[in-house]
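Chemist: Read off the chains here:
Number of protein chains: 2
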Amino acid sequence: MDEIVTLPDVEHTHVRFDAGIALECGVALDSHTVAYRTYGTLNAARTNAILVCHALTGDQYAAERHPVTGKPGWWDMVVGPGRPVDTNRFFVICANVLGGCMGSTGPMDPKPGGAGERWGTDFPAVTIRDMVRAQKQLIDHLGIERLFAVLGGSVGGMQVLEWAASYPEMVFAALPIASASYHSAQNIAFHEVGRQAIFADPNWAGGRYWETGRIPAQGLAVARMCAHITYMSEESLTRKFGRRLQNAPKNPSEAIALFGEMFEVESYLRHQGSTFVQRFDANSYLTITRAADYFDLGADYKGDLANAFRGTKTRFLLASFTSDWLYPTAESRAIARALNRAGANVSFVEFPTDKGHDAFLLDEPDFHRALAGFLGGCAVHAGLTG
Amino acid sequence: MDEIVTLPDVEHTHVRFDAGIALECGVALDSHTVAYRTYGTLNAARTNAILVCHALTGDQYAAERHPVTGKPGWWDMVVGPGRPVDTNRFFVICANVLGGCMGSTGPMDPKPGGAGERWGTDFPAVTIRDMVRAQKQLIDHLGIERLFAVLGGSVGGMQVLEWAASYPEMVFAALPIASASYHSAQNIAFHEVGRQAIFADPNWAGGRYWETGRIPAQGLAVARMCAHITYMSEESLTRKFGRRLQNAPKNPSEAIALFGEMFEVESYLRHQGSTFVQRFDANSYLTITRAADYFDLGADYKGDLANAFRGTKTRFLLASFTSDWLYPTAESRAIARALNRAGANVSFVEFPTDKGHDAFLLDEPDFHRALAGFLGGCAVHAGLTG
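As you go down the protein sequences, you meet chains A and B in turn.
Read left to right, the first sequence gives residues -15 to 370 (the working numbering).
Read left to right, the second sequence gives residues -15 to 370 (the working numbering).
Think of the hints as simulated: they come from the structure by calculation, not from any bench.
Note that identical chains are pooled: a pair holds if it fits in a single copy or bridges any two copies.
Derived SDA-like pairs: lysine to any residue, alpha-carbon spacing no greater than 25 Å straight-line:
(1) K224 to A318
(2) K224 to A283
(3) K224 to K286
(4) K224 to G282
(5) K286 to E248
(6) K297 to R321
(7) K224 to W309
(8) K224 to T313
(9) K286 to G226
(10) K224 to R179
(11) K224 to P312
(12) K120 to P94
(13) K286 to R227
(14) K55 to H(-2)
(15) K286 to E219
(16) K224 to R317
(17) K286 to L229
Note that the structure is predicted; figures quoted are calculated from it, not measured.
Kindly produce the complete structure, drawing on both the sequences and the hints.
Modeler: Spelled out as structure tokens, the structure:
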């Protein structure tokens, strides 16, 4: 693992914006790149576009084989021909977030005027709003005046909320899934553990790990392991692993001697950690976790989330999952209440599942039926035919 | 932090057992030490002794100023004159667990025949049962034939269960608080994150950090931070910190620029991590977390926890706390059911609180009243007067 200097060199579909972007933190990027993928066909009226926003460590490869890992797209079950987000009908766009590491401008890119130097920890702080503004540049570039829907889970759901608040006239339907309007103290705390694990890695080198030829793989893996526990429920961990042993010991003495390599759940977590570092950059992880932690849409609107949505015509579908303790139902319900106070058109469904936060990525037929049904209904209201 | 080589050199009250102890893993310690503290006075009949078992990273200084940190004892609110465990009436014993780092034999001790070498990662795997057997040696040494009560929270509660199962005739009353009869997959997973953080520390040096003069402080701090989140509830984190900022920024740009030092909860967690490493040894942390992970009392009794308690005359009080998600009420209830199946005398109380797992260490008047009441009732049954 120590040998990897940078992520695999993959050519990503992208657009470069030479006008740049002025970030909320006060720093302006003179120019920047947004990497994206599309699925399906934009209709002649340009009215059938759906923007999918990816989660913390997701990327634009939502519905196709991933160019680095070779695995299916992270939302293959949801996006595709005949799927709930039907690409026979809709034109789906997914962009890598600003600050990411799959082709959009981020900390591993060259620092302007830095003589080949990279940004590293000097990369400016990025907010969810900045991410959404970069996506808006992409949508404008594609010649799309209004998105039929904006859809995303987790940190992707935060982007959906920001879209609906910042550009209500551009969003016919908004679907924030398993998300929240702000990051809780517990979520911030878990992210901080991950960040400290990265800082503690011997290869961190103050964020300039590319200079030494070694990435902070162990620290990043620990960060991922810790985060991964929060994506699952206690029930799903128990169902998948329980206390099953990895190397079936022959007797109690041997079982005890095998300590540390013993439980299947330990081995599973280590695998999650070690595969993650092959596709994700540590500085991007810091940038994006901080963007999520800083998100507090209500605070941006004088402390009342309803202010973010007053007068909106957007149709909302909020979805949460019973065993999700990272973005619990209460947080989606709070958004639903704010939308109700703002007089918005809102549906809210909580799905029973034991799969935890990750349920939004997994095989949840009821959730998928609800997505398809809601989008179908909205399509009628939007006058989308065919 | 990097300068600390070993923990402060404190002389702990202790007893050395030259007969040693044969551990469950098959390794025998030729001799070993148990460090302990006592509070109150043993009566002439030697019938008023209460053994308090400490939790994962606790120690024997339950009810007095801690010799290293200078802080009050970890259970000062519960143990003392006029307290729920009244030292005017009871003789309270608390021993550092085997594998610990406050005077009982553990990984930082010299390895026998090692020419001054320490045990380090060669220290044999220790189980909860081993810890209890070492405590039993201490109780025998003190000339106590029967303990009036054995009492402890969290991993201390596991020791209480093991006492009641292994030495039922020696335990008049058993009080496992906020505990479980086995470690869940989620608990194992969180422990594994902490262990991996220690292994990832540049000063870990394969566990032989004393040779370099630097302890794996950052990794151990990350382990503690991660564990600390699990000791609190989301509600208590929100109540204590919410999204409050640490360095009150003057404007949004500055707030964003302050990323990372921003939220109070981050600063609090870092403080928890950095103070912990001044009093705890990394190899002990590995040893004790693994003992907790391995604990599965039902499995030791043919897969039915009730078998551990058949025919017992011990009186049990089980206590849990509503917001404890590390050792949730369901796990205490499962113990209560097993005790019922075994025909044992069992009381079970769940206390409403938003303080999470840590509630057993904090100011919880209802819990304290229940402890005092239960012990008072048992004292009558035990014929303890005065």
